[in-house]
Amino acid sequence: MSDNLLFAMEAALNGVTVGIMYSLVALGFVLIFKASGIFNFAQGVMALFAALTLVGLQNGQIPFAPIINAAFGTSIHNFGWNLPSLVAIPLTVLVMIGMAWAIERVVLKHLVNQEPIILFMATIGLAFFLEGLGDIMWGAEVKRLDVGIPQGMSSWVDETTYNLFGYGFFIDTLSLYALGIAAVLVTGLVLFSQYTKQGRALRAVADDHQAALSVGISLRFIWVLTWSIAGIVALVAGIMWGSKSGVQFSLSLIALKALPVLILGGFTSIPGAIVGGLLIGVGEKLFDFFMQPVIGGATENWFAYMLALVFLLFRPQGLFGERIIERV
Amino acid sequence: MLYREAGDFKTSYASDNQTFPIRFDRYAYWVVMAVAFLVLPMVMNDYWANSIVVPFMIYVIAALGLNILIGYTGLLSLGTAAFMAVGAYATFKLSTAFPAMPIYLVFILSGLVTSAVGVLFGLPSLKIKGFYLAVATLAAQFFLIWLFTRYGWFFNYSSTGQISMPERSMFGVTITGATASSTAVYFTCLIFTVAMAWLARNLTRGQMGRTWMAIRDMDIAAEIIGVNPLIAKLSSFAVSSFFVGVAGALMFGVYLGAVEAGEAFGINKSFLVLFMVIIGGLGSILGSFLGAAFLVVLPVLLKILLVDNLGWPADLARHLEIMIIGALIIIVLIAEPHGMAALWRTIKEKLRLWPFPH
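Chains as they are written, first to last, in our numbering: chain V, 19 to 346; chain C, 13 to 370.
It cannot be assumed that every hint is accurate.
Some chain C residues close to chain V (C-beta under 7 Å, calculated; not the full set) [stated by the list, open to error]:
(1) L132
(2) W158
(3) I337
Calculated pairs, SDA-like style, for lysine to any residue (alpha carbon to alpha carbon, straight line, at most 20 Å) [stated by the list, open to error]:
(4) K105/C with G269/C
(5) K161/V with K315/C
(6) K105/C with L14/C
(7) K127/V with E348/C
(8) K139/C with K127/V
(9) K141/C with K161/V
(10) K315/C with R330/C
(11) K141/C with V328/V
A few chain C residues facing chain V, derived, Cβ under 8 Å [stated by the list, open to error]:
(12) G142
(13) F154
(14) L268
(15) G269
(16) A270
(17) A326
(18) L332
In short, the hints are calculated from the structure, not lab data.
Beta carbons: idealized from backbone N, C-alpha and C, even for Gly.
Put together the whole structure using the sequences plus the hints.
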């Protein structure tokens, strides 16, 4: 096999692993969009916030330490303990659920029946608020996140591909774990929404708010529930991204990439989010690989958006989305 | 009895159609003009001009442009900063390629170039809307910035990848470049701001503005009553990008002097202008002024209060600022979806009835 083809294959495989990360963020978007018709721009920042909280709890940081120090002239930083991941992760989940509750209480409740675009802008505000809050609570420096997922080159992939093609592919072990976790997450979500009472209620709300209300489903509880689930998905995404490249602000920019993923996959489809993520991931790596000699590198910055733009012109509802019907 | 229509008789169609139908508003307008043109240049020092007044006026132009798109036509754009970058780079290319061209003409031409680019990226708006369109404009944001930092032609192959404004003057007064006096900069921005605000106000009152608003309120219904969505949406993109392009040209030409596309015109600037429009008031000219003023002054105030007086670290103040802006957006959307301009409208209604509200 020619070298070029092998390199392209390696690029594509790396694309798959990056794409899974996009999918993880996109999943959270889809969940919230299905249940409440809200396009949650803050999903990426929620991932950042979750990861920051997790690191902070692990390292025993004192929340709001920077602002307390500045206001009272103290210099406190740590409680002086290190929590194991097994304790810190459930605690972070609790924080995310609390946040979901607060968001419903403070923001969503007051914006019921507003136009989608107003809600969208409210979530942009929410994204900024959370970003600032995360920085003030836990400090803004880049943090290392380690929850015990092995990292570094996967020697297994390297050896197998070397035996097969005579060239070892370089793939991060972490990415393989991400694949597995994404699969578990999606299966879990599907099982939850198909076989539990709450899941059925969730689907009922997604189908028709009014009808769901009239059979006695509490809309507000369902909203808290979906935002909690989205928060947990955000935590998973935050852990994966954070382990890969450190917990830092650029995490929330990655979340922007989830927007084209959604456009490809469709706003209402969970499998769509996964497939869209993979397509974008593989697409941008391959595009960069083949076009780099022609138009220069760093095309990853915009390829996803351009692909989405072209896609929108032909199939605005996405690959798996429901057909958009407009009525006067 | 300050604020009344009563006694202000209109005797011609022209006076019936004037911009400010109430006499008090007209006086207020002239007072503001007099202060801006005569008093401020006398009393203002360089610090005020550079950190508040000049950026304020530039952001007003950008906010006006974005308000035309979002507030009047209902098309959400997250690519404002990229269009500002187009204006900036057009100014750079035009002023270096044609050194003899009057600099004001360069700014206007830059606006027109941005207009053309804006129409190009506005084409998808014919098929899609809402946040779908927002994603399409994100494509503009990332693609254009990538283009400007990647291809040497745009920055004349300078080794730093920066563009810096050459010195240009008009009527013997240096307007751009390092030696330009802050008065010249101030008057340039002021003239453009006043002209653009006048243009925006009259465009939105006229037929064009009405077709935009028809599209905003319900595009299918507008189509049925005979509004051509192609013309309405693309003209909105063209006008909006023209404003944003001029703002970018001024920001680069007279305010910053040297910029690097990714740094000065990143996605955060797009959000900043969007927030100005939301906080100020969607679909309001006055709102663009109020929003820009608020978001230009807030960081300066916070910095003075927290960093200079309380001695807090600067990055902490910045994070607090982000948080406050985010919270404000939510509060504004919940409490007063039409922004600060709506507050002013309420005050006017009260003033009209004062002192006998019943």
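Results of checking the hints against the structure:
no.	hint	result
1	L132	violated (11 Å)
2	W158	holds (5 Å)
3	I337	holds (6 Å)
4	K105/C with G269/C	holds (14 Å)
5	K161/V with K315/C	violated (26 Å)
6	K105/C with L14/C	violated (51 Å)
7	K127/V with E348/C	holds (15 Å)
8	K139/C with K127/V	violated (32 Å)
9	K141/C with K161/V	violated (38 Å)
10	K315/C with R330/C	holds (8 Å)
11	K141/C with V328/V	holds (14 Å)
12	G142	holds (6 Å)
13	F154	holds (4 Å)
14	L268	violated (23 Å)
15	G269	violated (26 Å)
16	A270	violated (22 Å)
17	A326	violated (11 Å)
18	L332	holds (6 Å)
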